[in-house]
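Peer 1: Okay, here's what each chain looks like letter by letter:
There are 2 protein chains.
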Amino acid sequence: MIGNLNHVAIAVPDLEAAAAQYRDTLGAKVNPPQAEPDHGVTVVFIELPNTKIELLHPLGNDSPIQGFLDKNPSGGIHHICYEVEDILAARDTLIASGARVLGTGEPKIGAHGKPVLFLHPKDFTGTLVELEQV
Amino acid sequence: MIGNLNHVAIAVPDLEAAAAQYRDTLGAKVNPPQAEPDHGVTVVFIELPNTKIELLHPLGNDSPIQGFLDKNPSGGIHHICYEVEDILAARDTLIASGARVLGTGEPKIGAHGKPVLFLHPKDFTGTLVELEQV
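Chains as they are written, first to last, in the UniProt record's numbering: chain A, 1 to 134; chain B, 1 to 134.
One chain only, chain A, in its complex shape (with noise of 0.2 Å):
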């Protein structure tokens, strides 16, 4: 069912310096920041040969990922995204397997333009997985 890991996205205090690093001392190809307002992040994606990085930091009052930061002040690991081809397929068999899906359980559409769903962490490893349509 699940494809090619999409990304890895990475919480981070400063976006500037952070790209920076992955830019200047890994030598990564690391893309402008783009708002995404509603997301509530500004993200700068990583593109790594096989897959990408997404650096995410908050923007404007109501982030999502806001808490995560207080919690983890020098950032870190937020979530990992796996390719789905049929989501609703995907969402119903792992509610069938007792997995809980975050919000109101419809996809939303992503950062990508394409439908996503969160799964709970406590059901994933302690992983907040996002689920994409490819």
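Simulated from the structure, these hints should not be mistaken for lab results.
You can trust all of the hints, since none of them are fake.
Calculated pairs, DSS-like style, for lysine-lysine (alpha carbon to alpha carbon, straight line, at most 25 Å): (1) B/K52 x A/K52; (2) B/K71 x A/K71; (3) A/K114 x A/K52; (4) B/K122 x A/K52.
Just the calculated beta-carbon pair ranges, DEER-fashion: (5) B/E47 x A/E47: 20 to 30 Å; (6) A/D70 x B/S97: 26 to 36 Å; (7) A/E47 x B/D86: 17 to 27 Å; (8) A/A20 x B/E85: 14 to 24 Å; (9) B/D62 x A/K108: 42 to 52 Å; (10) A/K108 x B/N31: 27 to 37 Å; (11) A/R100 x B/A35: 28 to 38 Å; (12) A/P37 x B/T104: 39 to 49 Å; (13) B/G67 x A/T104: 31 to 41 Å; (14) A/G40 x B/S74: 17 to 27 Å; (15) A/E47 x B/I109: 23 to 33 Å; (16) B/G60 x A/P37: 41 to 51 Å.
Just so it is clear, CB atoms sit at the ideal spot from N, CA and C, and this is done for glycine as well.
With chain A fixed as given, assemble chain B onto it according to the hints.
Peer 2: Okay, now just chain B, sitting in the frame of chain A:
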């Protein structure tokens, strides 16, 4: 300098339950557990089309991930691993940038039989980063 994301390592309190979830619910290709006594872990490799997930569980009395599980009883993402072509050159560049390398600073042979180093999470967006020479 960095190449592929080699793997995402997730520490889990119940290796069989986590492996079953990836295999049966998510439909991923899950390999049998491998004991790595030199690293104090039992590892289950999950093969995604573009990278790997490594489920880690403590092995023996002095496992480096026991403390992580004590703090995160449901499990969680423990580290991410980037591939590099020349680990000594990568290390020297990182140290010159002010990043700290864990341990002696000399590469060890990792769970894949290749030289690895770990970087201090405080110097990398709160994320434990492993570098593996490929």
